[in-house]
Amino acid sequence: MSALNHKLLRDLWRIKGQAGAIALVVAVGVLLLVMMSGMISSLEETRRTYYERYRLADVFAPVVRAPQNILDRLAEIPGVDAVEGRIQGSALVEIAGQDLPVRAQVVSLPPWREARLNGVYLADGRMPQAGRTEEVLVLKSFAGAHGLGLGDHLSATMYGNRRAFRIVGIAQAPEFLFTTAPGEFVPDAARFAVLWMNQDALEAAYDLKGAFNEALLSLERGARVEPVLAAADALLDRYGGLGAYGLADQMSNRFLSEEIKGLRTTSAAVPPIFMGVAAFLLYIVVSRMVQAEREQIGLIKAFGYTDWEVSMHYFKLVVSIAVFGAALGCAGGVWSGRLLAGVYQSIYHFPFLVFRVEPSAFVSGVSVSVLAAMAGGLFVLRQVFALTPAVAMRPPAPADYSRTGAMHQSLKRWLDQPSRMVLRRVLRNPGRIFGAVLGIAAGMGLSSAQMSVMSGFNDALSQTFDVIDRSDVTVTFFEQMPEKTAFALKHVPGVIEVEPTRAVGAVLRHGTNSYRGGVTGLVADARLNRAVDADQAEIAMPDDGIVLATALADILKVEPGDTVTIEVLEGRRPVLEMPVARIADTMLGAPAFVRMDVLNRAMNEPGRISGAYLRVDSEQYPGLFAALKQVPSVAGVTRKSDARAAMKKLMDTGAGTMRFVMAAIAGIITFGIVYNSARISFGEQSRDLASLRVMGFTQGEASFILLGELAIVVFLAIPLGVGVGYGLSFLVAEGFSTDIYQIPTAFRPDAYGAAGAAVVVAAVISGWLVKRDIQKVDLVATLKTRE
Amino acid sequence: MVEDAELSGQTTFTTRGLTKVYGTGPAAVHALRGVDLDIPRGEIVVLLGPSGSGKSTLLNIIGGLDRATDGEAFFEDQNLSQMNDRALTLYRRDHVGFVFQFYNLMPSLTARENVELVTEIAENPMDVEQALRLVGLGERMDHFPAQMSGGEQQRVAIARAIAKNPTVLFCDEPTGALDSTTGRAVLHVINDINRELGATVMIVTHAAATAQMAHRVIHFADGAIRAVEENDHRVSPDEIAW
Numbered sequence: 001m002s003a004l005n006h007k008l009l010r011d012l013w014r015i016k017g018q019a020g021a022i023a024l025v026v027a028v029g030v031l032l033l034v035m036m037s038g039m040i041s042s043l044e045e046t047r048r049t050y051y052e053r054y055r056l057a058d059v060f061a062p063v064v065r066a067p068q069n070i071l072d073r074l075a076e077i078p079g080v081d082a083v084e085g086r087i088q089g090s091a092l093v094e095i096a097g098q099d100l101p102v103r104a105q106v107v108s109l110p111p112w113r114e115a116r117l118n119g120v121y122l123a124d125g126r127m128p129q130a131g132r133t134e135e136v137l138v139l140k141s142f143a144g145a146h147g148l149g150l151g152d153h154l155s156a157t158m159y160g161n162r163r164a165f166r167i168v169g170i171a172q173a174p175e176f177l178f179t180t181a182p183g184e185f186v187p188d189a190a191r192f193a194v195l196w197m198n199q200d201a202l203e204a205a206y207d208l209k210g211a212f213n214e215a216l217l218s219l220e221r222g223a224r225v226e227p228v229l230a231a232a233d234a235l236l237d238r239y240g241g242l243g244a245y246g247l248a249d250q251m252s253n254r255f256l257s258e259e260i261k262g263l264r265t266t267s268a269a270v271p272p273i274f275m276g277v278a279a280f281l282l283y284i285v286v287s288r289m290v291q292a293e294r295e296q297i298g299l300i301k302a303f304g305y306t307d308w309e310v311s312m313h314y315f316k317l318v319v320s321i322a323v324f325g326a327a328l329g330c331a332g333g334v335w336s337g338r339l340l341a342g343v344y345q346s347i348y349h350f351p352f353l354v355f356r357v358e359p360s361a362f363v364s365g366v367s368v369s370v371l372a373a374m375a376g377g378l379f380v381l382r383q384v385f386a387l388t389p390a391v392a393m394r395p396p397a398p399a400d401y402s403r404t405g406a407m408h409q410s411l412k413r414w415l416d417q418p419s420r421m422v423l424r425r426v427l428r429n430p431g432r433i434f435g436a437v438l439g440i441a442a443g444m445g446l447s448s449a450q451m452s453v454m455s456g457f458n459d460a461l462s463q464t465f466d467v468i469d470r471s472d473v474t475v476t477f478f479e480q481m482p483e484k485t486a487f488a489l490k491h492v493p494g495v496i497e498v499e500p501t502r503a504v505g506a507v508l509r510h511g512t513n514s515y516r517g518g519v520t521g522l523v524a525d526a527r528l529n530r531a532v533d534a535d536q537a538e539i540a541m542p543d544d545g546i547v548l549a550t551a552l553a554d555i556l557k558v559e560p561g562d563t564v565t566i567e568v569l570e571g572r573r574p575v576l577e578m579p580v581a582r583i584a585d586t587m588l589g590a591p592a593f594v595r596m597d598v599l600n601r602a603m604n605e606p607g608r609i610s611g612a613y614l615r616v617d618s619e620q621y622p623g624l625f626a627a628l629k630q631v632p633s634v635a636g637v638t639r640k641s642d643a644r645a646a647m648k649k650l651m652d653t654g655a656g657t658m659r660f661v662m663a664a665i666a667g668i669i670t671f672g673i674v675y676n677s678a679r680i681s682f683g684e685q686s687r688d689l690a691s692l693r694v695m696g697f698t699q700g701e702a703s704f705i706l707l708g709e710l711a712i713v714v715f716l717a718i719p720l721g722v723g724v725g726y727g728l729s730f731l732v733a734e735g736f737s738t739d740i741y742q743i744p745t746a747f748r749p750d751a752y753g754a755a756g757a758a759v760v761v762a763a764v765i766s767g768w769l770v771k772r773d774i775q776k777v778d779l780v781a782t783l784k785t786r787e
Numbered sequence: 001m002v003e004d005a006e007l008s009g010q011t012t013f014t015t016r017g018l019t020k021v022y023g024t025g026p027a028a029v030h031a032l033r034g035v036d037l038d039i040p041r042g043e044i045v046v047l048l049g050p051s052g053s054g055k056s057t058l059l060n061i062i063g064g065l066d067r068a069t070d071g072e073a074f075f076e077d078q079n080l081s082q083m084n085d086r087a088l089t090l091y092r093r094d095h096v097g098f099v100f101q102f103y104n105l106m107p108s109l110t111a112r113e114n115v116e117l118v119t120e121i122a123e124n125p126m127d128v129e130q131a132l133r134l135v136g137l138g139e140r141m142d143h144f145p146a147q148m149s150g151g152e153q154q155r156v157a158i159a160r161a162i163a164k165n166p167t168v169l170f171c172d173e174p175t176g177a178l179d180s181t182t183g184r185a186v187l188h189v190i191n192d193i194n195r196e197l198g199a200t201v202m203i204v205t206h207a208a209a210t211a212q213m214a215h216r217v218i219h220f221a222d223g224a225i226r227a228v229e230e231n232d233h234r235v236s237p238d239e240i241a242w
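So the sequence lines, in the order shown, correspond to chains L and E. My numbering numbers the first residue of the first sequence as 1 and each following residue consecutively. My numbering numbers the first residue of the second sequence as 1 and each following residue consecutively.
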């Protein structure tokens, strides 16, 4: 090994604390990069394989009732590869020991053959035998949540008919990766079931002999979706087509896509901050090193080493730190990626999810860190080149502070000499101070933005469940019922108040923008479920016009006064034109509200309702649910507290860890910057500190000079960090917000407090580490050596 | 034990059996081997000797920068050997002025402010401008170290050391980094301070000629005092052959 390389190793060892802090910053950046890009590719690859292997359809075309022979016509649509017709519908499942019936989706399996599209992955057991109408497959997560196994029995009410079933298989399917009860947004394995059963069983239950109510189409490679949707709609129209939609709009797939999109945004935005901070740190550390080693550099050059050879020495130092950090980050990325995959698997029901990192992610992680390090190193090279042997061998002149002197007259009365020293150093190195302030502010901003978005979720929760929805239980019916059904519910023991509602599926359009959702009809003076504006004040339903949620207004790009087209997907399927009356503030979903009687009149179905909100006496829940189960028209019963608990659980699963990770991020960046700045300032001022000690300043007084500078940096960084965080929180909220949920952005003191506290703690720890060094200074040796 | 007579105000420093060992075992280096010394008040004392003979070690111990391994060192009637860090810090703050070969000025403070650094914490400081005039820098008080020559910087260092009205002034190679003219000027300042303030001055130097201005010259070798000479024919720094 060459002598310079020996020096390299020893230098690295000597600055191990600083090098370690920088490597840590690099490592966290690479860790996030590797973990997130690995997670993205794992999710995408797993999804692709799963969809492909189980032949997930590209187009879903729900219809009221279409004869089997229409399938051949659908197959003739140009671009269509395969077609399958099936029956699917909703059911209420009863399990022994559960007072509340569970909502379920039932799906038919073709007799005697495998489904051409939307196959089923059998995790355990077997497929139902042809002709055995009592045999069912049950979704694995649901079975798991209730401890159901092969051979167990359950009963399901479909269309008012209650029937008993026996479980013969436990299954999963790519179309049910992410399952929520209708109208809910958060998965709760226990409260939503999927049952697969033989087609003849469902034909009987839904009175669809020889017919289907959902066509599935797969497309040829390269075929466009839109023309196929149009052709399918045209074909199915006379059979009560409810509007075909592509895989992109399929609920489960859309949730997963939004998740991947969020990951992608974060993975593009966060690691660069770490790399920027690492580059800055390497620059200041190595630049200080070159200054301190100017004599050695001069000497080495005097021996005949070229500028390049000397520069390469420092370059290697920088790159070694980066590579070490990157290696650490890659290993950490794989490790944390595996943990994250576990979390994903608990939310998305993949039969398998192997966290795998593409080699390219490692390559880009390492090269990005090396590039960042080289960017930091490049400025240092200039200094090395500039040193001629003769100049380098002369002691440096005292640092020139004369330009900072101008201000001192006015401040003189206020500042003692140590404070002036601190202030002048800050004024003399504004670039370095600014870099440090900016770096800490970026780290703090990043974490406070993420944390404030997480408290935004909590706000969404409380707005949704406390302000908008004040009911206790929501009941939905299989089909629209006369209004008196709702009033019949009033007589169920335990029910205090009933508020009917009418919801219809619809496609809303404005210009070229459209949204497949629904319209909810609310009673004129709604009390249990309302629309509220941004100030959370109730919006009275107008006589004419529709009230849109902010998210929906954004999607359709409409403002109050514009007119939207509503293609209702039920009943006689009218196409309505309605002016937008108000914009409602909703954080979950993208609903549209119309006064119920206005909606019913437009539908030409006066006095019809599809569900009801109930306020109930919580002590009478068991009897209430038993009674509701007996009402044949009831398709679903949701207890608000369950929906809320599921949502809270989902948020808490990630939130606790996330909060910790985010505080750690702010802490690590701050520690990296403060510790390195302190070490450097200590290196530059060790003589001054020793002089002060010799003159009779105490350790505390001497430390003030060093730590005062850091205090100023932290003091400036925290308010800036709040500003950066506030700005970033809009971007992060926007990145996370979808039509599924919107995250409100507001100033959240708790988030900034936590991030600021992490900064202060990290600063105090680094200050303490450096103060320990001050105590170890050999006064005499320092003062008697030439700098 | 030290006799009371020796503490009667005639001596500034008294040491008995002062020993300093760096390291342990076979690697141990004996920097001082039982030094007994009495330094009378108000004298200029020059310590001469080759590198590693122990003269700086002695200065550091009686200056409160270092501790002896064994033996005792007294400043007037205070036993320095028994002082903790805090007490040594106060001792330096109140009584001791240091001048080093490499000035050790704060580059971020002007000449005046470098001196104020000391007067702000001293018990009985002199006027800052007076201190700077004493070293002949009345005109350049508001210059930063970077704007001064080496000699000027050293004079600021001396002004800073004397501004607290120190009882003792320690100079470790004060002229080591200076040319002969500047060096002489610096010695002149030191001489004046001894005369005008009555401070005891201890100078460690390689430059044997400096001894000509001393009241007393102590020769060091191998960690022990080889000889102590009293100089009856002191010459002014101007006349010192460099």
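Hints are computed from structural coordinates only; laboratory data are not their basis. We put the beta carbon where it would ideally sit given N, CA and C, even for glycine. Be aware that one or more of the hints could be misleading.
[What the hints assert, rightly or not] Pairwise CB distance ranges, derived in the manner of DEER restraints:
hint, chain 1, residue 1, chain 2, residue 2, range
1, E, R133, L, K776, 37 to 45 Å
2, E, A27, L, L378, 39 to 47 Å
3, E, G34, L, L415, 42 to 50 Å
4, E, G52, L, A302, 22 to 30 Å
Hint check results:
1. R133(E) with K776(L): 37 to 45 Å: For R133(E) and K776(L) the Cβ distance comes to about 39 Å; the hint holds.
2. A27(E) with L378(L): 39 to 47 Å: holds, 44 Å
3. G34(E) with L415(L): 42 to 50 Å: holds, 48 Å
4. G52(E) with A302(L): 22 to 30 Å: holds, 28 Å
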